[in-house]
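Novice: Mind assembling these two chains? They're in different frames, but the hints should get you there.
Chains A and B, in that order, are what the protein sequence lines are. Position one of the first sequence corresponds to residue 1 (my numbering), numbered consecutively onward. Position one of the second sequence corresponds to residue 1001 (my numbering), numbered consecutively onward.
Hints are computed from structural coordinates only; laboratory data are not their basis. Virtual Cβ for every residue (Gly too), placed ideally from N, Cα, C. There is no bait here: all hints are sound.
Which bits of chain A does chain B cover? Going by a derived footprint, with three or more residues having C-beta under 8 Å, they are:
hint, region
1, 250-261
2, 301-313
Residues from chain A that face chain B, not an exhaustive set, calculated with beta carbons under 8 Å:
hint, residue
3, 44
4, 50
5, 151
6, 245
Residue-level listing of the chains:
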Amino acid sequence: MTTAPALSAKAKPKANGAQQKLWAFASLIVLLLFFSVASPNFMQTSNILAILQATSVNGVLAIAATLVIITGGIDLSVGTLMTFTAVIAGVVLTYAGLPFAVGVVAAVAAGAGCGLISGTLVAKMKVPPFIATLGMMLILKGLSLVISGTKPIYFNDTPGFDQISTGSFVGAIIPAVPLPNGVLILFLLALAIGYVLNRTVLGRYCFALGSNEEAVRLSGVNADGWKMAIYALAGGICGIAGLIIASRLNSAQPALGLGYELDAIAAVVIGGTSLAGGRGSVLGTIIGALIMSVLLNGLRIMSVAQEWQTVVTGSIIIIAVYADMMRRRRLS
Amino acid sequence: MMNRRTLFAAVSAAALLASTGFVAAQDKPYIALISKGFQHQFWQAVKAGADKAAAEFDVTVTFEGPDTEAQVDKQMDMLAAALAKNPAAIGFAALDSQAAIPMLRKAQEAGIPIVAFDSGVDSDIPVATATTDNAAAAGLAADKMAELIGDAGKVALVVHDQTSRTGIDRRDGFVNRIKESHPNIEIVDIQYGAGDQLQSTEITKAILTAHPDLKGIFGANEGSAIGVLNAIKETGRSEVIVIGYDSGAAQKAAIMDGSMAGAITQNPVGIGYETVKAALMASKGESVPKLIDTGFFWYDKTNMDAPEIAAVLYD
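Chain B extracted, bound-state conformation (with noise of 0.2 Å):
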């Protein structure tokens, strides 16, 4: 009786397995992928770009992420099972950079090149790293706003956070460009609102109440730009020039209705496809670019539709 259990359950795991489409496929070059999320639009778009370099190079490539990016510790399962695979490299976005280092030097003692990509890893381990520079891109959505703005006036930054690389370099890289190029705009304001789409809207609407003439507002990520967009609306401040960052579906549409003027999206598709190609580079032991910029375009009503936007662009 014991052994008939055991048996179902043993039959019911390889069925299981078998609906999975589970392939082996051990004699092509085989890349591990561990990334900060899985579920996300944007890291769905970082695997689709990854699958495509995957099936241009003719490689295996596993992508995989913890559920929320609190999950430093399964991070760390993911990285410890894609070692155990023996890959010929591994490309990773770390949630912490110190909580990796120990599983990073196992793979370096293993000979197992490492590419860095999106947020990268603090440390001098991996060989390169593919990410959107985040300044530059953050720069070019300055000089749109200015452009936007007739090249005076007082705007404001709806920022996520003043302590991740992304929230820093973003905000910098608005200011700067605001300052060295466009002296005749103010800003009055940079605000913190964590990416959540509600803490950004009532940050906007201070913002919006403190600064009635306010002309124009960044919004440096997802969530706070949908945030921003939350605050014009109830505030029927129409007249306040928005710009973004990232897509979304919210984002697009409003960019389709003209609430939102434009925004600057990162190539999501791209971190994952440079990655790859660049990992099996080190693999065969090429050298590759320490920096891999992976770019970042504007987009706004004219071109979403244009296939080379329309391609980096997500719902």
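The shape of chain A in the complex, shown without the other chains (with noise of 0.2 Å):
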């Protein structure tokens, strides 16, 4: 009885997961060769890093939202909680001049901490995710404004602190692929969260709330305390965002943020992951965080008019999404 929901949960990903990836990969293939096609300048070295370095805050919180709508909720603070560790950074290292290592730990811990709140409010007091979250997106905008007075702060005084997100420790070792540091930090953490969700207590239980709490419940297992944790370690990731683009701009931008969790959640159903909760994987919101990239970068490269390019993207989400369903639809 107690493994019941796990297992069944376990299960259900891998079935159809690795089809649902395939599908969303061949969709980014498409486009990338349909923008070489379209524009000589699309396939150099340095736009396909530009089209990365775009991708790595978006795909880091597309991560975090990953978690949380595998759950059944939403969570629609990644954008402004990824705002406030970068000014919690801010504060840490530029106004309180505490050591490098100090201003990252706070950042995550921060990210954390105000994740842990959400899940509290959504597990313990029973407040719908949608609300819990929209409230905290809220907040969470006003104290990044308070605590650094509305002005952006700069890391002139961290040396190093760009390197986060601008260096490149692949590119040290081989000069040949100057793969941007925020990029590899996306890509290990999507290796390391996708190790969770399918080797680890905490991935099951992810999956398992998500297609079906009651069962979870009634099997004796502390619900409220896994979702408390899930909510947690995606607010720790948002921690992860905030430092990597405080780390691109060498400031911590406190009006920034607000509209990021939409383009995180677009991420996560072009992915494949489902809103329902109970199914969904990293690598498809990674692919989905690159399709979106890669759209908006070709659309650019092509000179298409912006007022368009926001039109397409949109579209794109909707076909991607329905062409998605038709196919489980067959499936089932």
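Specialist: This is the structure we're talking about:
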């Protein structure tokens, strides 16, 4: 009885996960091919690196959103939480002048702490996730402005801070591949969270909560505790995104962040994660985030007018999800 | 089945792209403009000026800007995509100069000249900056205020902020001109309302209450000016002379019905035009002036419909 929901949940994502990822991956390849043919400027190393760089922040936020969405919830606060953690890093490093590592830990801890608050609101106080995280989104946006005094905090006194995102650890070893560290962090994080979801108890309960929360409860598992842990983990990941964006801009921009949650959610659904919960994958999300960046970059390279870029992006989201649904319906 | 789905998506994407009216034009010189915004009327007017120059000089121009002035990272992504297209030159209005410098260096290394526009870029990388002389423009507002209130009495300022370049320049330009040329005018208060209409309204009401004999108020940007107008309307103090800045439907209507005496307008169309012109010249290796003053105008009921004024006003 104890293992029943866990087992079925574990089996589910594996059954059709591979095909779903393959589909998203094929779409990505089609887009890459299309833009390569459409413009000779698209397929050059510097542009591919620019696309990856543009994906790093949204990708990390989308991983956080994936975790919460798999539990059947939603997290609208990922964007402003990212900003909040960036501001915390700014306060710790620039205002307080503390060492580099303290700033990094503070940002991730602040993220996890805020995630835990959202998780508590959802799990213990039964506030619907949409409302709880909408509230958190606004609270964190306001707090970022208050703490920073509505001015950007620069990291000029922290040498090496810009290396978190823009430096290249890979490039130092293999000069031909100057992969920005922000992208490296995204890929490593994706591997880590992919492992957590598929190989650990936390991951198993994440899927189980999304597919049948009642069954998890009835089997005597501390469902609330696990849910809070997942929200906290997602918050900590937003802290990593905060560090990446702050490093890239060499500043914590306190007014930024609103709207980024929708980009993250879009990447998650393009990647095949169900908003109903219980189904999803980190790899799909990464591909979804890449599809969005490739699309936007490609349209820019083709000099498509900005108003039309938005129209095309919106349409692709609908097409991607519709096609995925149709395929799923035929399978079942 | 998989292939059919993929094909469906690809065909849909291609159809969408075709419908956007995309034309491949690689033979003309290409100039990319990355602005601070896109959907505001002010930026659309800058874009119109850029398009005008593009037609005149036979160049291809693209114009992009983030949704809000907070999205510094999105502006960097736009700059990166523009660089990949290997443009002849780039026009750039930085949201945050410091954050943009690494990317601008990259452009410099690639030999792509940068022309700054609007608030410019706080660095020596740009070969030229096309912008409004905000201090001189606010000075003109001060002269007009003096003229309208009989060169004597109390006035106040409602400014958007005390940190941005435009906020500082407009405040100081107005205050200094009053001090230099109009000794009988007293500036009794300078308040900051973040350019927010509601906040500026409350501020103005407080100023009006504190100074029952106030003769005039200068609102230093569109939001501030509309806030001042709201407060005048709510308090019924229609004897107070109001001078605004920039245009927009609300200010234009207020000038038409007499509740606002007049306003300073920048020349957004000129900013776009001069940016493209300077960028093209720089790309050919010609010398361009470091600072291009794109000009400003005083407008009121009498000259609002004149072609040269109507062309730079926006709704």
